[in-house]
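Enquirer: Start from the sequences and build out the full structure, keeping to the hints where you can.
Chains as they are written, first to last, in the numbering used here: chain Y, 1 to 584; chain Z, 585 to 698.
Derived from the structure by calculation, the hints contain no laboratory data. Predicted, not measured: the structure shown is a model, and the values here were computed from it. Mixed in with the good hints, there may be bad ones.
[Stated by the list, open to error] Which bits of chain Z does chain Y cover? Going by a derived footprint, with three or more residues having C-beta under 8 Å, they are:
no.	segment
1	606–612
2	617–628
3	638–650
4	655–663
Cβ coordinates follow ideal geometry from the N, Cα and C atoms, glycine included.
The lines below spell out each chain.
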Amino acid sequence: MAEDNQAVEEKGRGPNGGSRWREVYQTDDYWAIWLGLAIIVIGLVVFLPRPPEAMDETIRESNATMAKEVEAAPFRTIGWYKASDAKEKLKATRGKLAGTIKKYTGKPHGWKTNPVEAFVVTEARAAQKKASAQEKYDAAKEKIDGLEAKARTAEDAARRADFKDDALNQGAVAAIEAWREAKRPFSSASDKLKAAKPVNQVGYLIVLGIVLMVLFGIGIGFMGRSAGAFAAGFTFVFLLAVLAQLFAAQADIKDAGLGYAAWAILFGLLISNTIGTPAWVKPAVQTEYYIKTGLVLLGAEILFGKIVTIGVPGIFVAWVVTPIVLVTTYLFGQKVLKMPSKTLNITISSDMSVCGVSAAIATAAACRAKKEELTLAVGLSLVFTSIMMVAMPLLIDRVGMPKILGGAWIGGTIDATGAVAAAGEFLGDKALYVAATIKMIQNVLIGVIAFCVATYWCLRVDREAGRQVGAMEIWYRFPKFVLGFIGVSIVFSLIYGQMGSDVGYTMIENGVIGGLTSSLRGWFFCLAFVSIGLATDFRELKHHFKGGKPLILYVCGQSFNLCLTLLMAYLMFYVVFKEITANI
Amino acid sequence: MERTRTDQRSCAPSSGTPGVGRRCARFLIGLLVILLFSFGVIPALQRLGPVREVRDAVVNSGIDATALFYTESEVSGEAAVAIRNAIRYSVRPDRPAASVRPAAPPRGGLQQVE
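Expert: In structure tokens form, the structure reads like this:
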């Protein structure tokens, strides 16, 4: 595959410059852009003309209510929270068409002891689940209604004293906070009750597999390879991807934060290093193709407007600390540890300092790291994420760290969003909201990191010593899919900015992205990780781990990250911008 | 990403590698190890005291701890909305009148109010 791309490039270097145009339909770099763009256009066409009913009115009324409530009371009232909740519930993914798309792009359902229930839930079993879920829902409803009633009584008492009685105000705040703490368990019980229905996902997964096979097969055909051979092998790769998603959906595994990436690599490694990857599967082992297409879709999720969500403190914790840690760790790896592979070094530095697996994927693709290097980086990230997800909230709780500081610390250091949310949840709503928001801001940094790494590698690392690199050569070497990734990001950021954060949340985040591109992106990454596993020799993996340098790099880098993030979070939230902290 | 020779190498073992029986045995052992880890070790670890505390909070809240990116996590969106509203419509504990940013005028296309 590298040889095919190289041949295309070399032909283009001849006097007949027009043949370079063949790259546009013969390389996976460009096909990732065409496929990614096609999916994104479909998403825009499907979701943008279908806003939720009375969306503008609901947003207008909710904002007016919140504005009115903060003028009336010195604390956030029940009315304020209900208005905020009304906005949060506005999602384009709640529409009928969105629901249909979700059935076809969805992952296997959660299961505990019977893996069949991930795909098929019979009427009888659904009735059992519903009965159990109804009981828990009724209990949660009773609890939240009771807490709301108490909160209302306390708020009314404070209101009758014109909010001038501190004791009554504090009582109201405490009662309202207790009511808010019960919201997520109630929502979870409500979701489980709604989900307790008969299900048969097998047909939908078959259709999804066929659609993805055709989608990628078109590009394979144009790249001069056998689409038929690809289709045969793709069946196997897709089935392994489904198996990885199945394991990730098991209750205990899910709660431990071990997602599909780990299982996809593991199953692939198991097959390739024991019975061997069958020859007929090889044509579908297209790691780069799947990853690059996934990354173009990921570009739609890099919304630059989000970096100001929590104001300047968020920018400093997520966008100032992170590059410092990334560059410092990389230099430490080069100068002190003397890591033999620069690409392994930057991939580990990126996944540790930015946001784990997604950062590792983007960075590895941008600097053309080896598959084994990506596997190692992902493995390290997943292991330490699971450990930190438990250790950090316990430590924060035991030492009595302020919740907002703890949340910012978690958000800036734990690699994966899900683990950040899990750790933050343990500490309460404020910590959770700050942690998740800081992590979201860090996620957006991936776009910049990928572009900078690709540029640096083209200009400095890949060039021959003493040789000047011309502009055209930089263009030829630059991974084109990164341009697609950044281009999509810029376009979506502009659309999001034009719509405003309220409508953007409803139509873009919970419409185009949440309803289509994010799910497909997840499947593409899963296919990529399966391919990595199927193409990786365990001995080569062990070779990259020799001396334990990757582990030392990760541990030292993460230790530095923990210290610097904590210091910056403290300075920003408790010294410089105390008023922002007070408002959270 | 660089395409290593492992992409191009024959996936079928060469004559110097173990026979079919041995490879199948390794596969089954590897599968057993994975299953043991998934359904034995992980649940056991989840039941350890401090780990259980965090796990119970995750289970009660319905949070997906496997989400890799913020768009895969519903609670991320909820958090961003809550934080944005808290900062935009902030209260002042010292007096009822609070600082509120004026609403931006509606823009073209999908109507929105900041």
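Enquirer: Would you mind marking each hint as holding or not holding in the structure?
Expert: Comparing the hints with the structure gives:
no.: 1; hint: 606–612; in the structure: holds (count 4)
no.: 2; hint: 617–628; in the structure: holds (count 5)
no.: 3; hint: 638–650; in the structure: holds (count 12)
no.: 4; hint: 655–663; in the structure: holds (count 8)
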